[in-house]
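A.B. asks: This is what each chain is made of:
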Amino acid sequence: MVGNDIVDIAKAKKDSNWQRPRFLDKLFTGKEQEFIKNSEDKTITVWQLWSMKEAAYKLYVQKHPSRFYAPKQFECVAHASIWKVNYKEFSCYLSIKKTTDYIVSEARLIPHKMTSELVVFKDENLKSQSQVLRDKLSERISKIESISTNSIEFQKSEFDIPIMKFDSKRMNVSLTHHGRFGAFAF
Amino acid sequence: MTKDELIEKLKGIIAPYIQDEAAFANLNEDTDFVKDLKINSANLVDIILDIEDEFDIRLENEDMEKMLDVKSAMAIVNAKLEA
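Residue numbers (the UniProt record's numbering), protein chains in the order written: chain A, 1 to 186; chain B, 1 to 83.
FYI, nobody ran anything at the bench for these hints, they're computed from the structure.
Be aware that a few hints might be false.
To be verified - Facing chain B, a subset of chain A residues (Cβ under 8 Å, in silico):
no.: 1; residue: D15
no.: 2; residue: R20
no.: 3; residue: R22
no.: 4; residue: F23
no.: 5; residue: K26
no.: 6; residue: F35
no.: 7; residue: P65
no.: 8; residue: R67
no.: 9; residue: E139
no.: 10; residue: F159
no.: 11; residue: I163
We put the CB at the ideal spot given by N, CA and C, even for glycine.
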């Protein structure tokens, strides 16, 4: 099981003003706000923590099918250099990749290295981006499993949780896109 | 405030964040902010803050959890206004 999330930094800066009153308080715990305040680049830290929460949520709902909006309750905690996100009894490990253009977070139940594969889009049309991501993921699975892409079916559950079905198998996957960038993991 | 007035107010609040014009044109109580309007989840918090400002109310964590569609937003605003 995996959950991932990507933030296009330029788009996040354009679309959101994290400095507006009460914004941070709605999304981040006191400790997280303290961490943001003390960080070198506050904007980057805001979006890093945000993408970690999103990735952890996507993993959580695979384990516990449901749908809700509770970013503040998914708390990012750093142990030495290892990031975890905790939500109630649930806890997961995060791997993070940051460049000047984007931040990708990947959540798994165990410590891991990032496996999310990046996709750079030619246009910002959301529907075509979703399709491109699904096709790329399908191609990857077809290679690994030595099956035709035609036999792989993409589905979303009532809770909007994605899954790839082939033969009698069901594979947990995670897809994310934002602005010019996308990523998938399985 | 009537149901239609509330939907109109919410429409005005949501408008800047939508990424699917067709779904927005057909907006009704069942419209989902993320699935239908393709609103970025980071902007859901802006909608919540805008609702707080517009109606002069404050939403708690429990309210935020359900803020995924027009129907829930209406129910939450109504409950707060009656409180």
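A.B. asks: Are F35 (chain A) and chain B close enough, Cβ to Cβ, to be under 8 Å, as the hint says?
C.D. replies: 18 Å, violated
A.B. asks: Quick one, is the R67 (chain A) hint okay against chain B at 8 Å, beta carbons?
C.D. replies: 7 Å, holds
A.B. asks: Let me know if the C-beta of R22 (chain A) comes in closer than 8 Å to any C-beta of chain B, holds or violated.
C.D. replies: With Cβ-Cβ at 6 Å, under 8 Å, it holds.
A.B. asks: Does I163 (chain A) pass the interface check with chain B, least Cβ-Cβ distance below 8 Å?
C.D. replies: 16 Å, violated
A.B. asks: Given F159 (chain A) was flagged as interface, is its beta-carbon under 8 Å from a beta-carbon of chain B?
C.D. replies: At about 10 Å, which exceeds the 8 Å cut-off, the nearest Cβ of chain B leaves the hint on F159 (chain A) violated.
A.B. asks: Can the hint on R20 (chain A) be confirmed by a CB-to-CB distance to chain B that is less than 8 Å?
C.D. replies: At about 7 Å, which falls below the 8 Å cut-off, the nearest Cβ of chain B leaves the hint on R20 (chain A) intact, so it holds.
A.B. asks: Can F23 (chain A) be said to touch chain B, with a Cβ gap under 8 Å?
C.D. replies: F23 (chain A) check passes; min Cβ-Cβ to chain B is 6 Å, inside 8 Å.
A.B. asks: Does P65 (chain A) pass the interface hint, meaning its C-beta sits closer than 8 Å to a C-beta of chain B?
C.D. replies: 15 Å, violated
A.B. asks: Mind checking the CB of K26 (chain A) against every CB in chain B and telling me if the closest is under 8 Å?
C.D. replies: Given a least distance of 5 Å, the restraint on K26 (chain A) holds.
A.B. asks: Just to be careful: measuring from the Cβ of E139 (chain A) to every Cβ in chain B, is the smallest value less than 8 Å?
C.D. replies: 25 Å, violated
A.B. asks: For the restraint on D15 (chain A), tell me whether the closest CB of chain B is nearer than 8 Å.
C.D. replies: 6 Å, holds
The structure does not agree with the numbered hints 6, 7, 9, 10, 11 stated previously, though it agrees with the rest.
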